[in-house]
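Novice: So the chains spell out like this:
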Amino acid sequence: MKLIGVALAAALVAAPAGLQAQERAAVKDGFELAASSGKRILILRPSVSVGAQSTGGMFEPNADWTEQARTNLAASLAKWQSQLGNEVVPVPVTYGGDELLVEEYMALFQAIASSVIEYQFFVGNRLPTKKQDNRNKVFDWSMGPGVASIPGAENADYALFILTKDAYGSTGRKILQLLAAAGPGIAVKSGEHIGYAGLVDLRTGDLLWLNADGQMGGDVRDAEGSEKRMRQLLEEFPGSEIEAD
Amino acid sequence: MRAAVHLCAAALALAGTSAALAEPAPAPPPWTGVYQPQGVDEIGLWGEDDESERKLAASPHIIRDEKLLAYLNDVLCRTVGADRCQAARIYVIRDPAFNATMSPNGTMRVYSGLLLRVRSEAELASVLGHEFGHFERRHSLDDFKRRRSSGDILAWASVLAATVATREAYNATTNLRYEIYGSLFRYSRDQEREADLLGLGYLNESALPPQAASQVWENLMGEIEASSVARGLRKPKFDAIAFTASHPPNGERAGYLADLANPEGAFRDDGAERYRAALADWIPVFLDDQIKRNDFGGSEYIITSLATPGWTAELWFARGELFRTRGAPRDLVHAAEFYREAIALQAGHPGAYRGLGLALLKTGKTSEGQAALTTYLDLEPEAHDAALIRLMLPKEDAQ
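In order, the protein sequences belong to chains Z and Y. The numbers in the numbering used here rise by one with no breaks, and the one at position 55 of the first sequence is 55. The numbering used here runs 245 ahead of the 1-based position in the second sequence.
These are calculated hints, taken from the structure and not from any lab test. Each hint should be verified, as a subset may be incorrect.
Quick list of in silico lysine-lysine cross-link-like pairs, DSS-like style, CA-CA up to 30 angstroms [what the hints assert, rightly or not]:
| no. | chain 1 | residue 1 | chain 2 | residue 2 |
| --- | --- | --- | --- | --- |
| 1 | Z | Lys189 | Y | Lys390 |
| 2 | Z | Lys165 | Y | Lys300 |
| 3 | Y | Lys480 | Z | Lys174 |
| 4 | Y | Lys537 | Y | Lys480 |
| 5 | Z | Lys165 | Y | Lys390 |
| 6 | Z | Lys130 | Z | Lys165 |
| 7 | Y | Lys607 | Y | Lys480 |
| 8 | Z | Lys228 | Z | Lys79 |
As the structure is a computational prediction, the values presented were derived from the model and not from experiment.
Produce the entire structure from the sequences given, and follow the hints as far as they go.
Specialist: As structure tokens, then:
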């Protein structure tokens, strides 16, 4: 398993640069959330992970950056959530098993969001079972009705999942990127900035709105950058007053 | 350049370790007390590890038995010393695999499959001590750094080869890749040897016999061999090192662990009886998990070795379940016999009557089988499968 990491890191060197023209947000057919419609949104604690990217492309966790980003992102979320357009329900304090359930749904959300990016947003990479949906521009993904069991779900209509993962390119990675581009002309990606925000129906588990991007802006390690990141994550949120950059 | 230095260092470390593995392991260095992670890498790893421990603590897969945990903790403290053991937190994971790990922040994961296989406090102590050795030497951090520098070298080599763009350059990169992968695995095996050395150091200093460490691997080889024989496979080679082996071969470990043990410790009390008493409630549960692995030879080996000090009703019952699970007609005949042995030792063993009844029904002994199942329902009227079992009984009995 460790070696796979090295193999992938080596493979990354030859990976193509990101696709700029890719779409990155979608809404489930027929879903509309008007401002002040009396719906309640449960906001889950964002999942945050920040580190560096080694020359070979390995993720190097950085506890200090992660801690800063957690504080900054929580502060900017508190600021933006008042503009979401509907009532926001805080997550109740949970212990033991319930906490794990939230973690598990956060992991499921990450898996679904990355599948949406890979198989729906990325044109030309279609799952056989999703071909029809893609042709008709149908956005139909679900976490299943079990999501109703997460703590706080009984007092809300929707849940907002937010996840960020940042790997800042190390100096070595940046030099490698420069030389690879200048010499053999290989595009090496330096740094990885993933941000997913998704609204889930707490009755059915259906994914109603998703904003998912593998190349987000805003440096989450400082307050200003975190605010930019959070705005990027929440822009185009149905019924919100937050405007795009 | 850096790669070459690393490779030389690895070769030297290996030479050093093998030389040191011939005589009893020295006492561990003095304990430095509570350790806090240093530097970006280590603090980052510990941060991730803390998160993972939080999840583990809430996981449905761990066994929350305070008495069992207190006992395991006591064995660890008697192995590595009362000061060192404060750095560890033990979690028992219900998983029938033979495994234990200790991660950078002091999270020790003990698999139930390990508890099923070791037979004394001393054998358990040798595995816990080995894992503690990884922790004390901070092997995860070394390993992380090594993987990172290996990845860096390969990234540079790939760009370089693409710049030069000759066949020779590509071949050289491919060779370098294998060389680096090989050195990572070799390094991992050396870490294991180092942890073994330190583990035996603790054991030599403790009140437990260090010879148990070698015995653990002898037993494991016995199990693997029994498993292969039952499948009709050739006897495994216990001294061959595969390219991707993360651990030294079992045969080699059993050998040098015996050499590292202080001969004077051989007559110490190994705590086998205390171990059996402490695990008595759990062994039947772990045996049930093991039987479900569908490894007939391995499970039979474990059951018969647990029976070395004497057969118990639970062991006869487990053996009956093992044979009935494989379920060939000849197995069912043996299974019935084993269930009867269990009943002879413990008259009201509900599971044994259930198994006996089912085994007899399948071998055509209908009335005898139904009688056994009736006894099962008398003993356990609220059993989870009571309704299903009643369907197998004649109508008048089913009322």
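Novice: Under the criterion that the straight-line Cα-Cα distance not exceed 30 angstroms, is the pair Z:Lys165, Y:Lys300 satisfied?
Specialist: It holds: about 19 angstroms lies between the C-alpha atoms, which stays within 30 angstroms.
Novice: Mind checking the alpha carbons of Y:Lys480 and Z:Lys174 for me, to see if they're no more than 30 angstroms apart?
Specialist: violated (52 angstroms)
Novice: Please work out if Y:Lys607 and Y:Lys480 have their alpha carbons no farther apart than 30 angstroms.
Specialist: violated (34 angstroms)
Novice: With the threshold set at 30 angstroms, check whether the alpha-carbon distance from Z:Lys130 to Z:Lys165 stays at or below it.
Specialist: With Cα atoms ~27 angstroms apart, Z:Lys130 and Z:Lys165 stay inside 30 angstroms; holds.
Novice: Under the criterion that the straight-line Cα-Cα distance not exceed 30 angstroms, is the pair Y:Lys537, Y:Lys480 satisfied?
Specialist: holds (24 angstroms)
Novice: Need the status of pair Z:Lys228, Z:Lys79: alpha-carbon distance at most 30 angstroms?
Specialist: holds (12 angstroms)
Novice: Hinted pair, alpha-carbon criterion (30 angstroms max): Z:Lys165, Y:Lys390. Please report holds or violated.
Specialist: holds (21 angstroms)
Novice: Does the alpha-carbon distance linking Z:Lys189 and Y:Lys390 stay inside the 30 angstroms limit?
Specialist: holds (21 angstroms)
Going down the numbered hints, you'll see the structure goes against 3 and 7, while the others check out.
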